[in-house]
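Mind assembling these two chains? They're in different frames, but the hints should get you there.
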Amino acid sequence: MSQAARRIEETVPVPKGQTVLAARAASRSFGPVQVLFDVDFELKAGEVHALIGENGAGKSTLMKILSGYLAPTGGHIELDGRRVDFASSDEAEDAGVILIHQEFNLAEQLSVEQNVFLGREIRKGFFLDHKTMRAETQRLLGELETKVSPTAKISEISVSDKQMVEIAKALSRNTRVLIMDEPTAVLTNREAEILFRQIERLKANGTAILYTSHKLDEIARLADHITVLRDGHRVANVDAGTMSEDQMAQAMVGRELSNIFPVKHEVGSAETVLSVRNLTVGSIVRDASFELKRGEVLGFAGLVGSGRTELMEGLIGVRDAEGTVEVGGKPFRLGSVKDARRAGIVYLTEDRKGRGLILTQGMRPNLTLLALDRFGKTMIDGKAEEAALDKAIKDFDVRAPTRSVLVGNLSGGNQQKLLLAKTMLAEPDIVIIDEPTRGIDIGTKQQIYQFIHALAGQGKSVIVISSEMAEIIGLANRVYVMRSGRITGEVQGADVNEDVIVRYAMGLEGRKFDSHE
Amino acid sequence: MSDHAATPAKTTSSSGFKIDFHIWGPVIALVVLVIAGAMMNPNFLSYGNVTNVLARSAFIGIIAVGMTFVITSGGLDLSVGSMAAFIAGVMILIMNALVPSMGVGIGIVLVGMASALVVGLAAGLVNGLLITQARIEAFIVTLGTMGIFRSLITWLADGGTLSLDYTVRELYRPVYYSGLFGVAWPIIVFAVIAIIGEIVMRHTAFGRHCAAIGSNEQVARYSAVHVDRVRLMTYVLLGILVGIATIMYVPRLGSASSSTGVLWELEAIAAVIIGGTMLKGGFGRVWGTVVGVLILSLIDNLLNLTDLVSPYLNGAIQGVIIILAVVLQRQKKAQR
Ligand SMILES: Nc1ncnc2c1ncn2[C@@H]1O[C@H](COP(=O)(O)OP(=O)(O)OP(=O)(O)O)[C@@H](O)[C@H]1O
Ligand SMILES: [Mg+2]
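One line per chain: the protein sequences are Z and S, in this order. Sequential numbering of the first sequence, starting at 1, is according to our numbering. Sequential numbering of the second sequence, starting at 1001, is according to our numbering.
In isolation and in its complexed conformation, chain S is listed as follows (with noise of 0.2 Å):
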């Protein structure tokens, strides 16, 4: 018994002070890279960059907490960046094509609003049916729809770019430039949407179903859960999402091309596995996904602003990031 403290190398160590880098990883990256922000440029936490940054974030950020249900469930969505760009595209030719008909006025806004949750629905449904019906991989399904949407909205502007009718533009562009109390729109809809999506994913049913799903889908079956169910759910909501980021995306530019949205899908991964939630599922967590889209937009933002390194190597910084992540996901469960 006396030679006790003569093992003190594999001692698991349960001190308090041990940060759990699983939990609070994100949260110090992201605050390290806020003060490192302020102090390289003065002009970083102003409100014109904030507002600018946390805007444009917040179409990735719509997505991804889609992203984190599907992601959680055990499932993937590689077709969200090229449904965009098609939802994008059929709204403008729906609102063009209403013009003359409807005249410009609120109405043909609320049509094209009315459309692309539509069209973001049955692309999810599409996705979802192929998935749980056919039993096919969720990376086959949505890899095989990514290549069909991106080539259907390359087709639809013929290789060019769609743009929105001029008039309809102007009356349309206040949903993304303006806002409430000087909060701008796509900023207000990202937070309410993060906030029930928190809510949706800790404290509901659904959430919960998810998380079992992903976890051990023999143990949600035996439970009464409908598996089948739940999983199209997750995809049927990730398109609605997606629609929703689109409304607010459409009147930023007015326009869509085989260009728009190129990448989202990676974007939107990324920024639910930095912020936690497991890439094979069981575990997700919707707030771990907002810092983790602030993450990577402040990073982005960051380069452009600063002459540190060139923006050019924005990929490269995020690429190192996402790994990083993931080891220090790693690192708790290797624990012995």
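This is chain Z alone, in the form it adopts within the complex (with noise of 0.2 Å):
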């Protein structure tokens, strides 16, 4: 089989718009229930095809189904105008299709390089040929202007590093198909740059591209033909040309969007809940100092790396850190997570998957695993979970397919706002949100938002990290900006602007750095 497709790729190479792969009234269901729905589907040679909806729409699913990584329950999947079951994704990729997953699919233990060559590595004889992997792991990831090392194990580099890994794999095949699962989720603005023009490039040489994302204004931008997929159903399918932003998000959503970001609150002379002096994190966060005002939201910007995560962390105590911290006035002791949030600060990761939710696990021991305290003494109290499962459902929207699913298997979006109610839960004064919008579809972006508004009006303070920019100027009051470990600027009131932030950010503005930096 393998043998076999590789061969037709070689001595016949598909013209430009002509249809490579096609699912025909592709249905899928877990168990009873159905999240796909007869749906017709074309990816043509040359093309970006673009592919919009809610979280839990059925994205992913339709990618997955059509890379062999899951069988169509109903329809089928054409290969060159021929029926294909793919077996497995193996299969797939033989035939040259392709998956980056939303979730990685990386092994941890092993090396960027091992990653790479995973289940294709090249031998000489009997033994593993080191020397080309290295150098080819090398070249792809220069092509991707990626620094890290071939034989940095995955686990100890960070998620935009793994996003471009899984991409540098992907590109090493012989692709005729890339289907790509929100490829930009967790990479900053420069990567997500370097990103397209890979796929400016592969589209010129013809390759089929399927690719996902909540950001609108990328679609816009890459988009040769768009798909809308709503709770299962495809209810649009267009050349891009013929779409606006808000056209897509209105068939997205099924209803009109205005106003994503509320009116800010004032906050003038309230009082300062929490105070940071000169807060050091391990080798990553030098003297931090910052303030946060009762009803505040306060927004925390800086390109990814310049340590805001860290700085959070070592401040909620799941990083070793020194300094000086005051909670309500009183002192502060660090290093306890479950002592921050007996001083009522919690924090929300930016990493769903590897901190912030068991996904093996189903959403009443998920949601209450913080607050666990709350529901009773000795015994855990389980009517008082399921009615605060009940309620994190309906104030969240979590829109799950059976109440007992596995958290690993609800939609990105979904288990993002799962991980906010679980936050919640905990009733914290103040909250750290970390990435609160990742892989967030946007109606549920303008919930969230209105939600982070909704928490300041009742007194509450919150910190949003946020690497998009348009999110920390919607939102906040006022703004630090971080950049290589160090808070390098503060503004507010019409100063929270693009322009201003992203000069502290570079570095061009503000205060000199050390010259070991």
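Treat the hints with caution; some may be incorrect.
[Unchecked claim] Among the chain S residues that face chain Z by a calculated CB cut under 10 Å, a handful are: (1) T1051; (2) H1209; (3) A1211; (4) A1212; (5) V1219.
Keep in mind that the hints were calculated from the coordinates and are not lab data. Think of the CB as a built atom: it goes at the ideal place given N, C-alpha and C, for glycine as much as any other residue.
Structure representation (structure tokens):
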């Protein structure tokens, strides 16, 4: 099978515009729940096809079906006009159909190079040809302008580097169809640009590309063709030129969307609830000092890797940190997540799959894990937990196929909502949210922004770390900008705009750095 | 749309008739064993035989309950067999040494029991601290302490057997051989511990935290769970349970030697796995472990009662069952 597939590819280059891969009336059910309904779908050579839809609309499911990770429960897949039944993703890969997963599919304990060639190791006789593999990995990473070393262990590199490794892995194959499930969700703008250049290059070479993202500006820029899914149904299938961003959003959500960002509350001279002095976290964050007021939404901007996450992780006690912290005027001892929780501070991680949720458990234990002490002193009150789950599903609009679904089987956006619900169950006064809307659809984004706004309105204080400039600008009363582990600037009022923030983030303005940096 | 029916091959079946082997497998196996046993030997279900089987399985059972917590939180303890032997030896030495000063009485037995609990707790603490504080793999730590405890008991017994003072033994005997309303003490203790264990696992924060740590330690840490403390607790709990098992075991033979408790660790781990707890952690159930223990000892008993298969093949049959149990667990996950 694999041999045959390779030969086809070598001898018959598919002309541009010809359909390579198609789904015919594809359906998929998980147990009794159907999530995809008779979807027709065509992917053409040399074309970027965007698949958009709300969280849980079935985008990832369709992509997995096209790439052999899932079998359709109805309908079928066609490759070059002939019906194929991929028995596994390996078969699909042999036929040149490659999926870059929304969730990482890398072996954490192996090196970058080992991952890129996993299952297709190059051999010299009986032994592995390390030299060639390393050189090839180096070349691919170079093409992607990624500085990570081929010998670095996956578990030790950053999320965005992991994404770049996934892309390198896909590029290293003979790709006829490249399917990318929210590749830019964890990338910086610069890295995204690099990815877009690669996409253009592949497209020029006649590769068919299927792309999904919740960032509609990317779609408008990249796509030649757009398919919109809503609740598992195909609701639109149009040329990209005919659809504006607003129209996309509307087609996805099924209603008109306006005023994504609520009008900010006035904070005025409210009292300070959190004061941090000279906080140093490991060797990453140095001498960070900041203050947070009651009812304030405080933004933390900066490039990915500027130390924002580390700073907050140091504050809540998952990283070793030193410094003087006062909460509500009282001294606060660093080092324990539980103490932080007792003091009313909670942190919502940016890494929902690795640090936020237990993917192999159901929604209930996940929801209550952080605030388990609220559900009984010795015995856990199951009824109260169920009630809390009911409330969370309602308040946060969590759309789960069934109540007992494993959290790993929730769509990405719904996982994020559950994580938000989990964090809020601890009834915090100070909420630190790291990348609140990563991988979240536009309708839900609006809900989350409203929610953050409402929290501030209730007199709680919110810290938002975000790499999406629009989010920081649209939400925050005041913004700290970080660069290379230091807070380099503070802006508020009319200064909260892209120009000023970017200047601080790039180091064009603000405090001078030590020369060793 | 008309070709929907044309792809039945890969349709995931979700009909309600399908039995979930992951949940019910061990129970079905146990029922089958009981029925088969009753048909092969009328003596099998006699009061005497049932009491005998249950009382003997109590030692492993009590330990296996503790092991369930350790494994659920992603750990492992290979030292429990040698630990039991060591505790038995220390207990006997202490009781024998106290006979001249205390005289033979209930007091001396109570001191012996207390020392078993203390030594068990200490041994568990050593394992747990090495694992959580010195950050050494559980496998390595307990492989080490397994050798250490085994060697200590051999040394204490000078290569031979430590025997409990005859008069103390007479006094202590009923703890294994008598009971309440015709139910032997070891069975009662096992049952109580199993019930408490099940409740702790399913309905307390400790049980929830064990599963969370075993599934994803990072998530647990970020969710304000004291990961190290919970881990440590599981080993201490197991140590104490090994102490209790030893308290029930010593009156049976009244002696300890280098061959006491050999392979108990493997039987306990096997029982846990057969019961459906995942070896890599994250999910555990105490009732499953109880079923696992019963399955293992019933097989042993059946082979001894019938001459269908040589009892020497007991190990082989147990091995097959363990592997089968894991295969059944796997099947559920492989569905796509
Ligand atoms: N293995 C599974 N078992 C049960 N339900 C599943 C499984 N996989 C996906 N689902 C459900 O199918 C639906 C579609 O999920 P899918 O991941 O395709 O959404 P999506 O469009 O990719 O969403 P997102 O934008 O959040 O990534 C969701 O309701 C999800 O919970
Ligand atoms: Mg998805």
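Holds or violated: is there a CB of chain Z closer than 10 Å to the CB of A1211 of chain S? Given a least distance of 7 Å, the restraint on A1211 of chain S holds.
When the nearest CB of chain Z is found for V1219 of chain S, is that gap smaller than 10 Å? This interface hint holds because 5 Å falls under the 10 Å limit.
Does A1212 of chain S pass the interface check with chain Z, least Cβ-Cβ distance below 10 Å? Hint on A1212 of chain S: holds, closest Cβ of chain Z at ~6 Å, below 10 Å.
Per-residue hint verdict: T1051 of chain S, partner chain Z, C-beta under 10 Å: Violated: closest Cβ of chain Z sits about 33 Å from T1051 of chain S, beyond 10 Å.
Given a cut of 10 Å on the nearest C-beta pair, is the interface hint for H1209 of chain S held or broken against chain Z? 8 Å, holds
The structure shown violates just one earlier hint, number 1.
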